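> Here are the chains, one letter per residue:
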Amino acid sequence: MGDSPTDILWVLVSAILVALMQPGFTALEAGGTRTKNSISTAIKNMSDFLISFIVFVLFGASIMLGSSYFGLVGWQPNIFNSTTLSEVVLILFQAMFASTAVTIISGSIAERTKFSTYLIIAVIVSIFIYPIQAHWAWNTEGWLAQIGFIDFAGSTVVHSVGGWAALAAILIIGPRIGRFDEENRAFEHSNLAYSALGVFLIWIGWIGFNGGSVLALNETTALVILNTFIAGSTGGISGLIVSRILNGYYQITAILNGVLAGLVAITASANLTTPFEAIVIGVIGYFAYHLGVILLERYKVDDAIEAVPVHLFAGIAGTLAVPFVMNDIIFIEQLKTQVIGIITIGFFTFGISYILLKTINRFSKLRVTETSELIGLNISEHKSSTSMFDLANAMNSQAVSQDFSRRILVEPYTDASLLANYYNQVTEAFNKLDQEKELLLEETNRMANYDHLTGLAKRRLLVNELSRACIQSEQSPQNNAVLFIDLDGFKNVNDKYGHDGGDIILKVTAERILTNIRKSDLASRFGGDEFVVLLEDIQNDTQATIVADKIIKSLKEPVDLGNNTIGHIGASIGIRFIENNGTFSVEKILKEADQAMYEAKRRGKNQWVAY
Amino acid sequence: MGDSPTDILWVLVSAILVALMQPGFTALEAGGTRTKNSISTAIKNMSDFLISFIVFVLFGASIMLGSSYFGLVGWQPNIFNSTTLSEVVLILFQAMFASTAVTIISGSIAERTKFSTYLIIAVIVSIFIYPIQAHWAWNTEGWLAQIGFIDFAGSTVVHSVGGWAALAAILIIGPRIGRFDEENRAFEHSNLAYSALGVFLIWIGWIGFNGGSVLALNETTALVILNTFIAGSTGGISGLIVSRILNGYYQITAILNGVLAGLVAITASANLTTPFEAIVIGVIGYFAYHLGVILLERYKVDDAIEAVPVHLFAGIAGTLAVPFVMNDIIFIEQLKTQVIGIITIGFFTFGISYILLKTINRFSKLRVTETSELIGLNISEHKSSTSMFDLANAMNSQAVSQDFSRRILVEPYTDASLLANYYNQVTEAFNKLDQEKELLLEETNRMANYDHLTGLAKRRLLVNELSRACIQSEQSPQNNAVLFIDLDGFKNVNDKYGHDGGDIILKVTAERILTNIRKSDLASRFGGDEFVVLLEDIQNDTQATIVADKIIKSLKEPVDLGNNTIGHIGASIGIRFIENNGTFSVEKILKEADQAMYEAKRRGKNQWVAY
Amino acid sequence: MGDSPTDILWVLVSAILVALMQPGFTALEAGGTRTKNSISTAIKNMSDFLISFIVFVLFGASIMLGSSYFGLVGWQPNIFNSTTLSEVVLILFQAMFASTAVTIISGSIAERTKFSTYLIIAVIVSIFIYPIQAHWAWNTEGWLAQIGFIDFAGSTVVHSVGGWAALAAILIIGPRIGRFDEENRAFEHSNLAYSALGVFLIWIGWIGFNGGSVLALNETTALVILNTFIAGSTGGISGLIVSRILNGYYQITAILNGVLAGLVAITASANLTTPFEAIVIGVIGYFAYHLGVILLERYKVDDAIEAVPVHLFAGIAGTLAVPFVMNDIIFIEQLKTQVIGIITIGFFTFGISYILLKTINRFSKLRVTETSELIGLNISEHKSSTSMFDLANAMNSQAVSQDFSRRILVEPYTDASLLANYYNQVTEAFNKLDQEKELLLEETNRMANYDHLTGLAKRRLLVNELSRACIQSEQSPQNNAVLFIDLDGFKNVNDKYGHDGGDIILKVTAERILTNIRKSDLASRFGGDEFVVLLEDIQNDTQATIVADKIIKSLKEPVDLGNNTIGHIGASIGIRFIENNGTFSVEKILKEADQAMYEAKRRGKNQWVAY
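Protein chains in written order, with the numbering used here: chain A, 1 to 611; chain B, 612 to 1222; chain C, 1223 to 1833.
Don't read these hints as lab results, they were simulated from the structure.
Owing to the predicted nature of the structure, the values given are computational and were not obtained by experimental measurement.
For glycine and all other residues, C-beta sits at the position ideal for the given N, C-alpha and C.
Errors might be hidden in some of the hints.
What the hints assert, rightly or not - Stretches of chain C that chain B covers, calculated by requiring three or more beta carbons in the stretch to come under 8 Å of a beta carbon on chain B:
(1) 1252-1264
(2) 1457-1464
(3) 1595-1609
Using the sequences and the accompanying hints, generate a full structural model.
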């Protein structure tokens, strides 16, 4: 690091700027995932930072920055207790780099991965993977540094490493449910305006990422910053133009990820390129990203926010671009070295990640259950419920129980409460309409089955009920009886007192019959002045004759026809007792009751005869 | 402050970083409160900054930084006009600290406090409370500084002070409606992904908060920053682990507030602890916060975003931790001093805040009305309406008026408009179904009450109406009359021309009757060839006889039975006039009309007889 | 620029802070526009930065900073290749200024402007307008600089220029649909809490904007920063107080834009004013903004986020304030110079913008279509669909097709899916209720039109159908026939076997008639034992006689009356053939069929007679 206080301050400021990439990634990824997962995504970004920072400072920094063992791995026992300003600033700066590599992964595997998986990955990457390969490339004693591998600020060392680990993870974890149900299916993004803020914050952080990597404030720093702005711009502009040409509209993710891809690509050579070359490298970064998107789609590898295309593909492209901008006579040599660096770091990172995650996955699934994924990780992993979700649950439970009688209550004056009010209103209207329909049905039924004048059942209903009773008594034996009642002398009353008198007689008869039978019995006006009573589930025939006696007695009573007129009338009843076994014909039963009634009439009326 | 330009620049950068805590708190608090209050919360964060900055620069800075009077209060008349770089930077740096103390309060009292209350609190804290106690602890002449109280960057001086004031305020203002209806009830958070961004921004600001407090760029600065990152991490990791163990899931608020609690705790001793001690202090900060949450819940004190547990509880813990990390032989002495500082500042801050707010609350409530709280402060305090709210209002007003005939219109292509379209659709479907139901009801009614052939009322309806008219005339006297019409010679026509002829006669009779009575009268087919007309509210019996005359005359006219056949028929009418007093029997009235009709028949037909 | 490394580092940090204004504007504008446009607004902020940065660095910087030609325009061919630290930092710093001017415009024209329009404006402003007038005012050789125009950090050069260009654009593009349908109509803001964050970020950026404009770190820098904080505060406080007084509530946009207006106003003189004067200038800035809002409203000029009042009006006010704070004897002279600067830059900027945009608008509309505007630019310009929008489309398509039989499926566990579930539930309930209503209607219809006993049509239905058939045959000729069937000897059966026997006969008769006619024919029970069959669309009268023969034959068959009793019965049929021309009377036809039937009876029964 540069010796002057200004140099140190610049690197410190740069470290703080790189820290700004963390809220940037949080906004980018939370905005780019579905609402049901966005909080989960944000808290993962926070948590992997917590863990990777501590782990890197405690262990990773020693491995990366300490004295080298064979150029493969370093160690410096007391690094955590470093107290000189520049030492600590360097550790901080590097810790932010390690955290950046870790946080790249969180976006790729978002929306279906267990929270604990993130924590495991954060530990693995910041304790093993990042420090070791960074030791290779950036520790002056590292073997890649020794053979001349050039990666200025980490196109490969930070970004591709994050990308390789992410690729290993998404291959093991698999695509989100429904992701490849149709081609190029894009899930809803919770808030791309939030993602745009995130990209700006990441970009500003990148000024520290690249600018601080000079480890001093000098002409190179200025060039690096200028190149970083330029490549981000041309990466984004490429996305803007290409998506317009290919899709017919300006695709937001292409623009946002284009900026990031341009930034990733310039990172390897920001201190070497001219601004004009930076323009080209930004464009190359975009196309590398674009290629990555196509390949992942083709091979059905699901990366929730396209972090692999951005960080791995553009990272490789940027690292490969180094020899081109070096204007060096050893171009081929340098290209070979770059390829060696890319392959060994890729092999190491992907290999370790894949083996470890695959092993862990055997014992404890890295992925949440299907139900949890459908519900969304906000709720399934963090119980971060919403009124809307509560409402959905309440509505579902009503739908399952089919009991819509209670109102659903939720937090007032929320969108959910609006919907709940509405739901309650509609439910009530339905209930009302349903009741009216029931009444209407009842009224229609009444008109079809009950006699206007007397309110007794019509013949039709009697026949149905008798039929039902017969069928029922075949299944669970019971005794029934039919009383066939015919008024004696009704014709006379009718002739004498007119319709009115007749109607009164009929009504009174109905009332008197009803008072002498049980609620469960059915009295019907069978026609004219004929009434039929169905006595169901009686003990024996005597019970039927008792009822007949009572009816006859009550019908003998005079009837006040109004106007001081008194009508006298009686009734003849035919009883048809139906025992609890055997099959019966309804028609026959009624016929026989009728015959018994005629017999009663024949014997002098005002009496009953059993068939 | 350090003399070198780099030192000054570092403190300036730190002041700017501390300013970043303001948007951080805005995002944290707006995301942590309910959607209906989130804008209100954000604008309060903005407004208390506006006021506390101006007030502190104008007055507070002089009180805090000026020459001391007895170690209790300072004054420097022209401080606002300071012009040397380091002086101004120090004032700016301190102004950001004062604003931070103020903004802590806004979160605690969110969701039920008047906007003006915030402004009052901002003034009180930044003019009185913050500067005076900061003078005690941080002005070299301050009495707490004199006795050796150590609070490096303000665990007590900034954070606990904010926490004490917040505690006083929430005790007076009381809990949000429904907060303690059930245990550990958590209200919905509008957007915790936004809160996560906020915590990151606050953390980055904290690098300036603590790092800048060194007032120079040197080894200590580096240590402070490292410790600040470490304690934030271990605080957050504690929340992550503890919530997983206690609740079974990774609680987001525990993680986010754990980070902040770790940061608050390290603030008192960030320049004294080793990184290993910082790990422990971050954990202690979390547990102090956790204790605070439990205590507030137990005593039903409602802190909307748990600012009191974070800033007061972790602040006290951090201040108490100082003697432990000093490795000093005067441990007990230092602990005593720390306790004295905590207690006096706490007593002072809580006391002043409580007394002033309690007094103000007497004259003007600090809290909004219950209705305003339920509606949400976005709308009730700032009229920041939404389409959803407008829709809710429109729907409620339809529900109240029960008038669903008009469509509700809202901003097109919003979520609200979607719901509105839907509502309109359902409402229309309901209206349609309702109309059909009415038609069905009408049809059923028609079938029950009106004669098929003639379209006149059935006997049942006539009886009902007559009954109603009688009852009505008892209450408000009116004269009514009943005409009992029997066709003369109908049987002959029927026999001669068959059913068809008879039917035609009956239809024509009905038509002719209807043309001779008023709309308000009721004509019924009483049975066979009998018709009964109810003349309601007539002046005298003559009016009834005139109608009878007209009907008789019209019924004498020949009837075209088709097929060149002409039917001749007449009618006899019995009139029963019903005077406007007395009680009547419907049956008797009809009987008497019938008798009068028979008398008319007897007298030679084709005439009327009044009873 | 100052020579010391600290000076350069400060300007570099300032440039990075100014970059923070970009995410600030993104959040401000995305939060201030409607949800359906917010993503579009954010991505425009991103895209205009991409373009303006590249274009300014490639061309604009040379025009602005290069050697002057007549004080009007500069050029420095190789500026893009500058490599000294301070040169590059200055270019970066200026590039951020140019991008700020550009991004101001994006807010004004938001919510109805084509994406490509933004790109065009970004190019025009950053290549022509900004560099040329900045050359005038800020290049030491520029003509405005030469005559003593003072605009410290760009109240006019940056902010008013953005405002003028925005004004030209909104005059050409026109107001958003519905904006002036009612007075002071405010559209919904997607998220003002996000806007508050944006204002904080912009403010922090402004510390670099103004503080960095000193181009060194010294006493002036401190004063500038202090003044910048002060004026922002008093601008915001003015908005807070004024809106409370005028509207009765604390208006959020007044507070947020008040801060920005205060910042714009102080920008011209932040290095000249005392802190006390800065207080006043902040207030003046607010009132200039307020005036702008009133004027735009009066003249129905629609600025989506009030950027013109903030940047143009407060910019002019701030520039005019310069002479007042200079305490100079040449006050009038300076005021004149300021006015000249304001007018010439305004004229130049507005003029160029207006002419270019007006010309472009001729060939390709700057504005989106009305439909696109209503749908919202997120979807219409960027295909950034949401589940809610998909649901709305699915619901609309069901509404149009009136086919509600299929369930709508959307992404599970989203708000949209909640609504979709609900919609599906209600639709199903409706369908069920509708079916029940249909059944009820059918039942009512059946009761009204069909005979209980036999299930045949009632006379009423027969008459209606016959009438319909007659009318139909007038329009499209067809032959019909009526068979009038009367049972022979029914009275005997009835008398002998009672009602039961009669009913069985009638039922069997109905069944037998039905088996002998086509489905399309109508059989009715005309009354008692009379049946009428309508044979529709037959070929000739023979076809009717064949049917009559078959019926007579089938009715001769004995009928099992139960109880071992056999009934014998026959039928007489009157056939009335109705040829396919001429008008018919339904009554007459039936009468004639009746007559034919009587003739058949007369001829000895059990036969048919054609009329």
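> Closer than 8 Å, Cβ to Cβ, for at least three residues: run that test on the region 1595-1609 of chain C against chain B and report holds or violated.
holds (count 3)
> Within the region 1252-1264 of chain C, is the number of residues with a Cβ closer than 8 Å to a Cβ of chain B three or more?
Result for this restraint: holds, n = 3.
> Examine the region 1457-1464 of chain C for residues whose CB is less than 8 Å from any CB of chain B, and state whether their number is three or more.
holds (count 3)
Of the numbered hints stated above, none is contradicted by the structure.
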